[in-house]
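There are 2 protein chains.
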Amino acid sequence: MTRVVIIGGGGMVGQKLAGRLIREGLPGHKALTITLFDVAFPARGVSGLVQKTGNLSTPGIAQTLAAERPDIVFHLAAIVSGEAETHFSKGWDINMMSMWHLLEAFRTEHEASGGSYVPRIVFTSSIAVFGGPFPEKIDDLFLSAPQTSYGAQKAVSELMLTDFSRKGFVDGLSLRLPTICVRPGKPNLAASSFFSGIIREPLNGQKAILPVDDSVRHWHASPKSAARFLAHAAGLDTSLLNGRRALNLPGLSCTVAEQIDALRDLAGQKAVDLITPHPDPDIIKIVQGWPRDFDPARAIALGFEAESSFDQIIQTYIAEDLPTAAG
Amino acid sequence: MTRVVIIGGGGMVGQKLAGRLIREGLPGHKALTITLFDVAFPARGVSGLVQKTGNLSTPGIAQTLAAERPDIVFHLAAIVSGEAETHFSKGWDINMMSMWHLLEAFRTEHEASGGSYVPRIVFTSSIAVFGGPFPEKIDDLFLSAPQTSYGAQKAVSELMLTDFSRKGFVDGLSLRLPTICVRPGKPNLAASSFFSGIIREPLNGQKAILPVDDSVRHWHASPKSAARFLAHAAGLDTSLLNGRRALNLPGLSCTVAEQIDALRDLAGQKAVDLITPHPDPDIIKIVQGWPRDFDPARAIALGFEAESSFDQIIQTYIAEDLPTAAG
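Residue numbers (numbering that gives the first Met the number 0), protein chains in the order written: chain A, 0 to 326; chain B, 0 to 326.
In isolation and in its complexed conformation, chain A is listed as follows (with noise of 0.2 angstroms):
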């Protein structure tokens, strides 16, 4: 029985995670026993899973997660973009200084076992560690020098795994996440959120703001492909890593404007006169911050994939996320 615990396992892509490993375990486990620990969990979230709540910042709630001795940790939970922005003391609280804790409880499990506990450790990061001026693709070697605090928080953490990692403590790697597109539910408070609103609002009858200039370009991937990431890196060979644990993922470059034409594509222009442009200074300057298209070689050779057109992107959100008959 394989111990697995999703950390931020009551957010979007800790649920896509959940329901995936219930309908398709891993490979090379027989049985997974899920326990997932947020600060909540959504009423009609993965059922059948035991549920822990708590805040990662609370002292002492690193050691009890890392006590139960989990063989695989995927660690999801952090404060967005736009709230680190805005709240820099709870950023860095949530961001770095509960992975900070997590690994020094791990640690603490790793030497208490005499060495033989050394948990697969799975971080999702941002492709928010890049910031600019960027090449016209980022490729595996560039340097990861954000503008932003969460950037920041996430290249900070991304560095202690790979010295715990490095160290024989835990065997980690850190997935630098596209940005997640089409998210279900409601916007949230991440700067990229437009993202997504441009798409689910129309699909689903309603108005959308699209923020910044349709010629923006950006790099994105369905929450479909996170948790398919996730469940890849859960089982990859870390020595392939060559000490460089932290991944750029293969993902889809495509502009807004290509985006509404994938809207119409698929949902006519009826959809499409659902969205207002609304100009945001505030997100127009983080945006052009942001990564507009990357070259993941070594990802793509690990064996990681990503979708190939955003239409596919669409029709993954239609199939899987798409509210029936409420509308």
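Misleading hints may appear alongside valid ones.
It does not matter which identical chain is meant; a pair holds if it fits inside one copy or across any two.
[Claimed, not checked] Calculated cross-link-like contacts (lysine-lysine; reagent style DSS-like; alpha-carbon spacing at most 25 angstroms): (1) 185 x 89; (2) 185 x 269; (3) 206 x 269; (4) 206 x 185.
In case anyone wonders, no lab produced these hints; they're calculated from the structure.
Got chain A; can you put chain B on it based on the hints?
Relative to chain A, chain B alone:
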């Protein structure tokens, strides 16, 4: 009166910097009051300055240092590479967590001042933030993927300093110093200690051990250059950094064989005969993970200068640090 504090002011580079500031001041500042902070001070060190003895990891020390509201902070204190590798917790505590507490203490003073207090912080990072495989020359866009705890701690500190600076709480920059050579005095616990030892010991008529092959290529600057880098950074217009506040500094790339040739030029074969090869697998392994050469275009454009030959580096040692008469 400009208030300057040198954290790590008892160390070799801190003492060189203090001496330079006493002799030459800082451009644009009429007079300096200089405070040195360290765990200990050399018996025959720079005199006539305020010396504060303390440990940066002691709770409350960061607040005490920040409460003085220094205008310019040089943060040089660190557990060196070899020690940080052996003493994992101590390294992260001093090299990372102390940086966090310092930055938080300066942010508190910034806020208490109504935002008017924004200290310049010059932090000594290291080329250990880079890990192989390397290109033949590392440029300013190459990723920071350290392969030692020391390098990871420096890289994390850079990210924190950059984010606190971006938010306007402090005005900091990180200098990725080349390996400083020739260090005066005794060997230290840094894995790089031998680079100085093979020059210093023979010049003093003593035997030296060479633990690596003489084909090893590495990146050096003198203690005098280190002090000049720091003084130059104190007055730099940081808006020129465009948010990328960690700089690869100029230095000299040469092989150990070239170092030994320069020693021969200046002190004869008799000095070279005092060097005994004695391979040390631990040091060989660490040094293999270190950069060999750089193209530090940004720092050169910003006015940083280093030596252009290893002869110059040895001559600097002879002029500034060779014990006279005592031999």
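Going through the hints against the structure:
1. Within a single copy, residue 185 and residue 89 get their C-alpha atoms as close as 22 angstroms, which meets the 25 angstroms cut-off; across copies the closest is 45 angstroms, which misses it.
2. In this homomeric assembly, residue 185 and residue 269 come within 25 angstroms of each other (Cα to Cα) only inside a single copy, at 21 angstroms, whereas the closest approach across copies is 78 angstroms.
3. When the C-alpha separation of residue 206 and residue 269 is checked against a cutoff of 25 angstroms, the pair qualifies only within one copy, where the shortest distance is 11 angstroms, while the shortest distance between copies is 84 angstroms.
4. In this homomeric assembly, residue 206 and residue 185 come within 25 angstroms of each other (Cα to Cα) only inside a single copy, at 13 angstroms, whereas the closest approach across copies is 71 angstroms.
Of the numbered hints listed earlier, not one is contradicted by the structure.
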